[in-house]
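Protein chains in written order, with UniProt numbering: chain A, 1 to 1113; chain B, 1 to 326.
By construction, these hints were calculated from the structure, which means they are not laboratory data. Only a predicted model underlies this, so the values are computations on that prediction, with no experimental measurement involved. Warning: the hint list may mix true and false statements.
[Unchecked claim] Cβ-to-Cβ under 7 Å is the rule here; a few derived chain A residues that face chain B: (1) ARG358; (2) SER950; (3) TRP984; (4) THR985; (5) LEU1040.
Note that the Cβ used here is the ideal one computed from N, Cα and C, for glycine as well.
Take a look at the letters that make up each chain.
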Amino acid sequence: MTVPKDIPEKWLPLVLPLKRKKDKEERLKAAKEKRKAGTEEERRVRANDREYNEKFQYANNCIMTSKYNIITFLPVNLFEQFQEVANTYFLFLLILQLIPQISSLSWFTTIVPLVLVLSITAVKDATDDYVSHAFRESWGRTLPEKWMNVRVGDIIKLENNQFVAADLLLLSSKNICTHIPSAHLMILVFLRTGEVICEPPNNKLDRFCGTLYWRENKYSLSNQNMLLRGCVLRNTESCYGLVIFAGPDTKLMQNSGRTKFKRTSIDRLMNTLVLWIFGFLVCMGVILAIGNAVWEKEVGSLFQSYLPWDPSVDNFLFSAFLAFWSYVIILNTVVPISLYVSVEVIRLGHSYFINWDRRMFCQRCNTPAEARTTTLNEELGQVEYIFSDKTGTLTQNIMTFNKCSINGHAYGEEESAQRLDFSFNSLADKDFCFYDQSLLDAIKLGEPLVHEFFRLLSLCHTVMSEEKSEGELVYKAQSPDEGALVTAARNFGFVFRSRTPNTITVQELGRPVTYSLLAILDFNNIRKRMSVVVRSPEGKIRLYCKGADTLLFERLHPCNQDLMNVTSDHLNEYAADGLRTLVLAYRDLSEQQWEDWAAQLHSAERAPDYREDRLAAAYEEIEQDMMLLGATAIEDKLQEGVPETIALLSLANIKIWVLTGDKQETAVNIGYSCKMLTDDMTEVFIINGHTVQSVREELRQKSMPAAHPSSNLLDSISGEYALVISGHSLAHALEADMEREFLDTACVCKAVICCRVTPLQKALVVELVKKHKKAVTLAVGDGANDVSMIKTAHIGVGISGQEGIQAVLASDYSFSQFRFLQRLLLVHGRWSYLRMCRFLCYFFYKNFAFTMVHFWFGFFCGFSAQTVYDQYFITLYNIVYTSLPVLAMGIFDQDVPEQRSLEYPKLYEPGQLNLLFNKREFFICIAQGIYTSVVLFCVPYGVLSQATGSDGIPLADYQTFAVTVATSLVIVVSVQIALDTGYWTAINHFFIWGSLGSYFTILFAMHSNILFSIFPNQFHFVGSAQNTLQQPVVWLTIALATVICIVPVLAFRFLKLDLKPHGALGRLGRAGSRRSGYAFAHQEGFGELITSGKNMRLSSLKGVTKRFQSERI
Amino acid sequence: MKNQGTTNRPDNTAFDQQRLPAWQPVLSAGIVIPGFLLVGLAFIGIGVALFVTSRSIQVLENDYTGTGSSVHCSECVNPKTTPCTCQLNFSLSALFQGPVFLYYGLSNYFQNVRGYGSLRRPSSSCAPYQYDQNTTIAPCGSVANSMFNDTFTLYQLVNATRKTVPLDGKGIAWWTDYNIKFRNPPEVDGSLAAAFNGTVKPVNWPKPVYDLDPTNPANNGFLNQDFLVWMRTAALPDFWKLYRRITEGEYASGLPAGNYTLEIQYNYPVANFAGRKSVIFSNTSWMGGKNQFLGIAYLVTGSLCVVMSAVMLIVYAKFNSPDEDF
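Given only the sequences and the hints, what does the whole structure look like? Please build it.
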């Protein structure tokens, strides 16, 4: 695991200015460094000219990631730690203690805990640094050794599935080379002659601007020409690239520094509470100082015959002033020095549990879950909104041809376990699965419509094929849907083998046929269909069309009515299963028709204006009177367990918003297939307006029924709404005057889907919810386009899939399957929250119980800042006697077993409502602590003030009193932690009993004759332990105090548990059916590319690089 | 699907998977209600025993400050009358069960004020009683300086003659104080006084530390029992300190009924800070001296526990349907 070093922003209000200063300093430092190296305003890179490039001293590809080295560690780390207010405060206390008039405690009572805390933090920092260093090193190791030596300006060759080692300017890839035969030559020519001038390194992943000068020509370069470090090369065998940025200058590394430090709500609450405690401490100090003034005046001044005032303290006011500081020192333990370090240790433990969880380990990718930050764990138990990316997160981005309906006959319905044997077809794709034998039989029997169906699939598309060797076909599809369809056709014997701009060659049941491609009527969002016009070798001209059912059905020949009805039924079934459907149709064209239309098309293409519209009209004209062939159903494969996870999370009252760059249809489709949207829903609002006004109207209209559900109770129960909003509408909805309205509507809805959103919009939506709902948000995504959202949300989860590591690097938690989210939240998050809350409650309680005794004692010792306890007890109480049991509870406690929290998602709700630790709970803890301190003072006071031992020696001496109170305290807080611990592992037993044991051992050791004889000036409590603890009265006192402290707590808890029975817990629901399943992840423009005969540079680029581009609008 | 690498698979240990065997106590009615009842009854039992025992212990306390309501020793209040001896007469109608302990009590006396003395750092906090005109004070410090120096002698009046009741001053300090914590400087030529050469007595003391007990040379120096008792500072402003035990001779079994006179050497002024002095006779039981508070506190706590258990039982019966197992 890795823990990016981030200094917890504790003590927020105090620390903020300091932090800001630090940021500024860092910026200044960076700037200074830049200046030293000469500020880089633009970058000039000459290809393969190291001499030239080295002049600029660009960073090389080596990345130094560690922050400290052995020598600098101690000073640097100490310097950092003392920048924290908490530590400085304790240092201040330490200095106070060196003033003899003030010093109410020995110097070591503060320095020992402080040193301990500092050293634990230092050890943690060192391991963090080492681990994160090792982590980045290991990422480095995934690249071959030689990548370390890559310099800016080098031209390197990358192969398929390799990580890109530096930010490269893509020069050529295998696909381009197919069109430029002398690619190597080109590269050689490029050597020495090309020069790139571009922007200096920055962290903008989606922007690059530069100019390439080559052979006196200028080419402008954009982000489209770049391959970024951390991406994986895909869908191409190899490519060449010019290194533009290397090592720390790469966009990945520029981004890897966490820009925003995330803190949990508990952190913020803790800071507030600590400030309150400070205030409380000062109040106590003032009260006691006033008491001291009064006492010194009324009593102390008269008592001077036995206790004269210190010569330097000549009046009661000055004495009161000193008493104030003395009491600040004594009572400093209410501000617990070990709080922060304990919280960090607990979170670290929880992070390790996440890393170690086998049920969050993905065997397929050999990836365990990873908590990349250790500061957010308990917030996982409070999540209310999840923002999820779709592709790669909810879905696998794998489309499979699942079912089809041909000529009214549905195939693929019955799921026989027998996978079809495609061995008859030597060109079949081995990975393709289909389970319905009857379809294969129909092919073999030669049913013409079935043949036509697959012929259409093999012809009507924009897929490119590549045959590496004979029979080994590789399809490069622009959308996975098309890939699935063409692959299906391939396996059923209609193998698309190759294409030229004017022909398509298909192997039809073993027989190669070449069709001439007359026209591609390209796909676009409005048409929702694409067609090709081909001429068969026999000379017949036919138009093949595939597209959305709603549009195609309108354009069918009237004689298709019956078939249409049957097919429509099938489509309904498919849609109900969440499958993506397409309807296929054809039309025979006579030579005359074709020529007429071709002329029309020609003139449309040449049209100077309204080209688009005229083309569309031309397309529209020919796509008429078509004959229906059937329909296909493609499964957009969800990640494993996605619907179950979503159902479970919604039962846990977590609202899931899907934010995707995909189109509306695709997104809605996935919404249905993962059961976010159901037919039971009263209404699914779709907001699709393009103008501010229309969006506002749509929102108003939609929010009418939804926003006032309370007007009718029945309605509010039965009315479930969902909201689908597209990116362009969202842009308006996110404007300042409408965001509230949008948010209100969205929050009434059970499911919200935002489609066609940009990465920035994703972040804005998250920000919006964060800003107005005061709820904990979690963003989950896998691609670079999710980075902004992951960084914005309170918790970012990266799905470590196949999409490079940007999302993971930006995330706080990463794992490889969406379904692990339920475990992360409902099990780990819930437990973390529970543990942290219990820990904090107990921690404040024990410190108040411990410290407030001094306050009460102050009234009996002339407010002289006399401590109740032995100084060694004060030193060790927080770090030895009471630290480990509560740590063990904070790390290991479980209230219900993990299965239970998954079965009853309602158990997650206390975290969302922040019930377990809030200001109210804090006051209860404090009250309990103060109550305990009163009991701990009063009971020994009442008993011991007049008590004598059986040997007649009075027990009211200071040391006996101190030992009695201390022992009672340790026993009471141990009993309390025993009550608070719900899950007694051997470790808890060991720590609780061990703490008690260590208390008595240390007590007797400190009070032993031996230690006294060695250090007679240090251990003047000699003999107190044995003298005190042999008195039955002392034990009766301890028992009494313990019972009085614990009994009310126990009774209160029992009654609370009894009076608040748990309500009915929810069950998982089921989804119904719905109408359209049309969805197609396709973009227009590819038909033109193919027919134009230009090189396929764009498509190759798309194939090579990152998915996040294709998802971007 | 190929079974790809599992090299990164986390270990399947109970610890890593948070499946450590654990005892999960639940605050169920079956435990809490009987528990409360049991604790309550036990406390009532102990309370009764303590109360009864405590009642059987006799305490005789007499204030002899001489001011205010106190009638005894008023003649000695004026600090100018030194030395001043006063008498405190009392009579016992029945046997005062032995062994009897004699205490002196001080009220409104703050031995627990920080800076008073050897509460924390005996060596370094002697100021302002570290030096007397550049000579080291032994024993130094405010506590030692302010040592209580009234003395008591007890007589039984038998047939109008005063019969001295022997008071035993041995072992009234903690064993550890006497044997470990305090040490006399090594005697020089068999003389303790010589060992304290070069030091002066504390300002308030009438005689030096090596001369505290003229009757018993072994009871001198830092090991003087009264000194040790005084040095064990009290936690609270009202305290008793053990003065003597009555364990010898015919008084070993107690003070028989009769008239007694306590002769007090009144040396210790407390009037200027409204302090009070008293002298206490008491005996003890297995649980120590008289302690009403403890018994009553036990009884009250025990009863409250029993009441609580009843309340919880009612609440439990009312609000908990039996089939709910959560």
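**Request:** Would you settle whether the hint for A/THR985 is holds or violated, based on the nearest Cβ-Cβ distance to chain B being less than 7 Å?
**Result:** At 4 Å from the nearest chain B Cβ, A/THR985 passes the 7 Å test, so the hint holds.
**Request:** With a cut-off of 7 Å on the beta carbons, see whether A/LEU1040 makes it to chain B.
**Result:** Because about 6 Å separates A/LEU1040 from the closest Cβ in chain B, which is inside the 7 Å limit, the hint holds.
**Item:** chain B contact restraint for A/ARG358 - C-beta distance below 7 Å
**Value:** holds (5 Å)
**Prompt:** Does the interface hint hold: is A/TRP984 within less than 7 Å of chain B, judged Cβ to Cβ?
**Reply:** This hint holds: A/TRP984 lies near chain B, its Cβ roughly 4 Å from the closest one there, short of 7 Å.
**Closest C-beta approach of A/SER950 to chain B relative to 7 Å, hint status** = holds (5 Å)
The structure shown violates none of the earlier numbered hints.
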